[in-house]
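Chemist: This is what each chain is made of:
2 protein chains.
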Amino acid sequence: MEEKEISQAVIGRLPRYFRYLGELRDKGVERISSQELSKLMKVTASQIRQDFNNFGGFGQQGYGYNVNYLYDEIGKILGLDKAHHLIIIGSGNLGQAIANYMNFERRGFIFKGIFDNNPALKGKVVRGLEIQPMENMEAFIKDNDVDIAVLTIPKTAAVSVAEVLVKNGIKAIWNFAHCDLNVGDDVVVENVHLTDSLLKLSYNFNCKNKNS
Amino acid sequence: MEEKEISQAVIGRLPRYFRYLGELRDKGVERISSQELSKLMKVTASQIRQDFNNFGGFGQQGYGYNVNYLYDEIGKILGLDKAHHLIIIGSGNLGQAIANYMNFERRGFIFKGIFDNNPALKGKVVRGLEIQPMENMEAFIKDNDVDIAVLTIPKTAAVSVAEVLVKNGIKAIWNFAHCDLNVGDDVVVENVHLTDSLLKLSYNFNCKNKNS
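The listed protein sequences derive, respectively, from chains R and F. To convert, take the position in the first sequence, counting from 1, and add 42; that gives the working numbering. To convert, take the position in the second sequence, counting from 1, and add 42; that gives the working numbering.
Read the hints as simulated data drawn from the structure, not as lab findings. Keep in mind that this is a model prediction, so the values were computed, not measured. Please note that a few of the clues may not be correct.
For chains that are exact copies, the list does not tell them apart, and a pair is met inside one copy or across any two.
[As the list claims (entries may be wrong)] DSS-like cross-link-like pairs, simulated, lysine-lysine; straight-line CA separation at most 27 Å: (1) 209 / 184; (2) 184 / 250; (3) 69 / 252; (4) 250 / 164; (5) 154 / 184; (6) 124 / 213; (7) 166 / 81; (8) 118 / 250; (9) 84 / 154; (10) 154 / 166; (11) 118 / 84; (12) 124 / 154; (13) 84 / 184; (14) 252 / 184; (15) 81 / 213.
Work the whole structure out from these sequences, hints included.
Modeler: Here you go:
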């Protein structure tokens, strides 16, 4: 595969392809045409072909796509053929929800530790992991070969905690705090801004219901 | 303001403008140029001007933007000058995290009820609301003028619950279930697919760390 810059829009669509292909595979479907996939996913067949062409194609003229093969290839592109070690910073409801979501572990995202400064949570066990105080975090990252940190703490603390994480070798942050993190270009930040998502819903809701 | 179709990309950026302007306002900043806003938000000044031009501009040549005014106007565009009634379906950790997030209520999103079929949760109180069994849901929607439903249930149940919601007059669904909902075009669906977000992070992480 040629090395080229793939747009974030294409990358953003890969997990959805992966999800649909996984469901097809689970149903025993062996092959699918771009037209059928298009109908199922409600995107144009031309978009599907263009997206896959970024990675060299995958399809065969007159045959379509082999579901298993395509699923595995997209999985590899997404880095799911490797295991990743994660820690969660912030063990409130959101941190616990993420820790308890089985699906992530099935995909190779292994939760190694969970941290919180709230003394009321000290010693509480979340998915087999005892909540640890924040002062343990730096040593833990080094000892456990942690690559990814999940930030589910309020924005007031997020920026400074992110700096500590990066200083200790964290290469990717899944950020649920409602702020942008200023980390270097070599650190991947993926934001989940729930408020932004709700405001987008609100915009679309109010547009549709303006006259009612 | 002229009625025209605004792209979802522009709409997706509005909440971030709103967030930055709110922070500027809280700091007492009265006006800001598109250049300063550009530097702060790390988007081009031309993008900012183009985005705002979709709504008629807001800026004044040689003055820049009035922070308070712009904040209020974007708030109105986002529908935040009206109150919305929400229910949450699924009172696991994620449902509870959303219910407990104070910021939503401050923006006019009022949680009216929370529902779950898990008998272990029956009678538990989340943010002042007693968790109700699912069979109460339909009557509750009608009696409480609910517009928005938040779906934090597994995907196996989400599609059928969404149908019931729409049948009972719900006009917008904030969907955290890991599936696409097939509801009519008159219903707004805003998806938060956490797995998709983590896979996107994984892709970008693996691209950057391929050779290490």
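Chemist: Hint by hint, say whether it matches the structure.
Modeler: Here is how each hint holds up against the structure:
1. When the C-alpha separation of residue 209 and residue 184 is checked against a cutoff of 27 Å, the pair qualifies only within one copy, where the shortest distance is 11 Å, while the shortest distance between copies is 53 Å.
2. In this assembly of identical chains, the alpha carbons of residue 184 and residue 250 lie at most 27 Å apart only when taken from different copies (20 Å versus 51 Å within one copy).
3. Taking the closest pair of Cα atoms, residue 69 and residue 252 never come within 27 Å of each other, the shortest separation being 42 Å inside a single copy and 33 Å across copies.
4. Taking identical chains as interchangeable, the C-alpha atoms of residue 250 and residue 164 are never at most 27 Å apart, the minima being 47 Å within one chain and 35 Å between chains.
5. For the homomeric pair residue 154 and residue 184, the shortest alpha-carbon distance inside one copy (12 Å) is at most 27 Å, but the shortest distance between copies (45 Å) is not.
6. In this assembly of identical chains, residue 124 and residue 213 lie within 27 Å of each other by CA distance solely inside one copy; the values are 15 Å within and 41 Å between copies.
7. Taking the shortest Cα distances, residue 166 and residue 81 never come within 27 Å of each other, neither inside one copy (47 Å) nor across copies (43 Å).
8. With identical chains, the CA atoms of residue 118 and residue 250 are at most 27 Å apart between copies only, with a shortest distance of 15 Å across copies and 40 Å within one.
9. Taking the closest pair of Cα atoms, residue 84 and residue 154 never come within 27 Å of each other, the shortest separation being 38 Å inside a single copy and 33 Å across copies.
10. Taking the shortest Cα distances, residue 154 and residue 166 sit within 27 Å of each other inside one copy (15 Å), while across copies they are farther apart (30 Å).
11. Proximity of residue 118 to residue 84 under the C-alpha cut-off of 27 Å is restricted to the intra-copy arrangement: shortest distance 24 Å within a copy versus 32 Å between copies.
12. In this assembly of identical chains, the alpha carbons of residue 124 and residue 154 lie at most 27 Å apart only when taken from the same copy (16 Å versus 43 Å across copies).
13. In this assembly of identical chains, the alpha carbons of residue 84 and residue 184 never lie at most 27 Å apart, being 45 Å within a copy and 32 Å across copies at closest.
14. When the C-alpha separation of residue 252 and residue 184 is checked against a cutoff of 27 Å, the pair qualifies only between copies, where the shortest distance is 20 Å, while the shortest distance within a copy is 54 Å.
15. Taking CA atoms no more than 27 Å apart as the test, residue 81 paired with residue 213 passes between copies only; the shortest distance there is 25 Å, against 38 Å inside one copy.
Hints 3, 4, 7, 9 and 13, counting from the list given before, are not met by this structure.
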